[in-house]
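Numbering of the sequence shown is given in the UniProt record's numbering, commencing with residue 1 and proceeding in unit increments.
Calculated directly from the structure, the hints in this document are not laboratory data.
Don't take each hint at face value.
Pair by pair, the computed Cβ-Cβ distance ranges are [unchecked claim]: (1) 52 - 30: 20 to 28 angstroms; (2) 38 - 15: 26 to 34 angstroms; (3) 52 - 31: 37 to 45 angstroms; (4) 50 - 21: 13 to 21 angstroms; (5) 1 - 46: 19 to 27 angstroms.
C-beta: ideal position from N, C-alpha, C; glycine also.
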Amino acid sequence: QVNDADLSCPIILDDEGYVMDGRHRVMKALLLKKETIKAVRFEKNPVHDYLKD
1 QVNDADLSCP IILDDEGYVM DGRHRVMKAL LLKKETIKAV RFEKNPVHDY
51 LKD
């Protein structure tokens, strides 16, 4: 999965800077020795959605 990661898509960070989505992209960027990666960061985390039966 890491090798197939698309670095043109930004990773998503929560309001504290933790990766919410894009860990494979981060790993690929590290393997390729990239100094930067596209990212978007929530100013405030969204409310969780829950599925009900």
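Hints, one by one, checked against the model:
{"no.": "1", "hint": "52 - 30: 20 to 28 angstroms", "in the structure": "violated, 39 angstroms"}
{"no.": "2", "hint": "38 - 15: 26 to 34 angstroms", "in the structure": "violated, 18 angstroms"}
{"no.": "3", "hint": "52 - 31: 37 to 45 angstroms", "in the structure": "holds, 41 angstroms"}
{"no.": "4", "hint": "50 - 21: 13 to 21 angstroms", "in the structure": "holds, 18 angstroms"}
{"no.": "5", "hint": "1 - 46: 19 to 27 angstroms", "in the structure": "holds, 25 angstroms"}
Going down the numbered hints, you'll see the structure goes against 1 and 2, while the others check out.
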